[in-house]
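Chain residues, written in single-letter form:
Protein chains: 2
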Amino acid sequence: MSIIFHDLIGADPARPFSPHCWKVAMALAHKGLPFERNNVCFTKVLEVEGGISKIVPVVRDGTKVVADSFLIADYLEQTYPDRPSLFGGEGGQAMARFIESWSNSTLHTALAGIVMKDIHDVLEPEDQAYFRQSREARMGKKLEQIVEGREAAIAGFSTKLMPLRLTLKAQPWIGGSSPLFADYIVFGALQWARVISSAKLLEEDDPVFDWFERCLDLHDGLGRSVPALS
Amino acid sequence: MSIIFHDLIGADPARPFSPHCWKVAMALAHKGLPFERNNVCFTKVLEVEGGISKIVPVVRDGTKVVADSFLIADYLEQTYPDRPSLFGGEGGQAMARFIESWSNSTLHTALAGIVMKDIHDVLEPEDQAYFRQSREARMGKKLEQIVEGREAAIAGFSTKLMPLRLTLKAQPWIGGSSPLFADYIVFGALQWARVISSAKLLEEDDPVFDWFERCLDLHDGLGRSVPALS
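Chains as they are written, first to last, in the UniProt record's numbering: chain Z, 1 to 230; chain P, 1 to 230.
Bear in mind the hints are in silico, worked out from the structure with no lab data behind them. Incorrect hints may have been included.
Here are the computed distance ranges between Cβ atoms for each label pair [unchecked claim]:
#1 Z/E49 / P/Q145: 55 to 61 Å
#2 Z/Q133 / P/Q133: 58 to 64 Å
#3 P/E36 / Z/G156: 46 to 52 Å
#4 P/A170 / Z/P227: 33 to 39 Å
#5 P/S198 / Z/R165: 29 to 35 Å
#6 Z/D206 / P/E124: 40 to 46 Å
#7 P/A14 / Z/D217: 51 to 57 Å
#8 Z/L71 / P/A152: 54 to 60 Å
#9 Z/E124 / P/E148: 51 to 57 Å
#10 P/Q145 / Z/A155: 56 to 62 Å
#11 P/Y80 / Z/P84: 25 to 31 Å
#12 Z/Q78 / P/R224: 14 to 20 Å
#13 Z/S225 / P/A152: 43 to 49 Å
#14 Z/R165 / P/D206: 24 to 30 Å
Fair warning: this is a prediction, and the values are worked out from it, not measured in the lab. Glycine residues also receive a C-beta, built at the ideal position from the N, C-alpha and C atoms.
Can you make the complete structure from the sequences, with help from the hints?
Pasting the structure below:
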């Protein structure tokens, strides 16, 4: 029986965009586990699996339900130890938390100032109202104000990727010689921007651009199956 | 036979300060390997082990000589696999490279603007001349200009540690339930500042402060054996 993967969508069900959901899609594919997407819009998240979580991703594997992208990766690693590892050992599992913390505090923060209005604009009207209210309350300002420095945020985004750029001098993936969940953590952030926004964030001669393209090719082009916003 | 550890010093041989050398000291202690420090000042680095490297740390283990802190950790892990692991598996070894890249590009860059003149001031005159010339050539400005924004750099330093701060919400060490080389990478940067500079970089209610104190306690208080500059 396939794993049920509750994934976030806007008005177009063919363009899932949540960074945390993309991490899970890649993790499931990495483990070679078949899954069925259940499309969920913002205002229906609390109906998922009896309201287990205020946010998606959520997965159901038989009778087991797990929320939170990192906990889902932990669950998959523990439950399917004979399939390709997502962490490459306990040290990698711990350090993936650092990379998640870096991605959240550095990339996501910067991307919020770039894509927040773009997200709003791809939602159905009911979700737009929810999204605007909840995000404006969280950030303490209007969506339009959040993205006021958008052009500067786009111009400055590349420098935030310096730790990844330097890592790629030593090895082809964050996971070393092959990709691990840590790669999908950072991929999720950039895929979010790729699917939801026309902002050009990476130059083509950037090793991070090449790494991202290789991520898009993984698992039969799973990430590339949703075209970039043009 | 003890491992010979070529470590950088200034005028006071009891106050080794190099961040990369501190990583190696902690790694050797982590593996439980006895070592003898060979004190080296800046202008004598090219005399170490026949000029194998332009920088220390360098270690000699019997007939084997290894330079570069990360390559030394790799060597110790490979050569002493039955002693406590420095990486916790291949994934951790790869991701420690990311943490090194983050530390170098974020922490070291910021610390350079804080401690560069402090380093100069603890060196012997001959080393001072070398240090000033080489660093000013590398940075394209005078030492005094490099630290012109020192107070602002000190005030802004704490925010750069956010990825570590968030990680410590999930686990006590970057390595997870116990410290790994990744912890020593970041420890090295903060120990550098602690030994060489009176700048106060961390507030006592910061989880990173607590983590750093726990690092200082490790391996019979190896890091604490050099008092903070007061």
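- prompt: Does the structure break any of the earlier hints, and which numbers would those be?
  reply: Violated hints: 8, 10, 12; rest satisfied.
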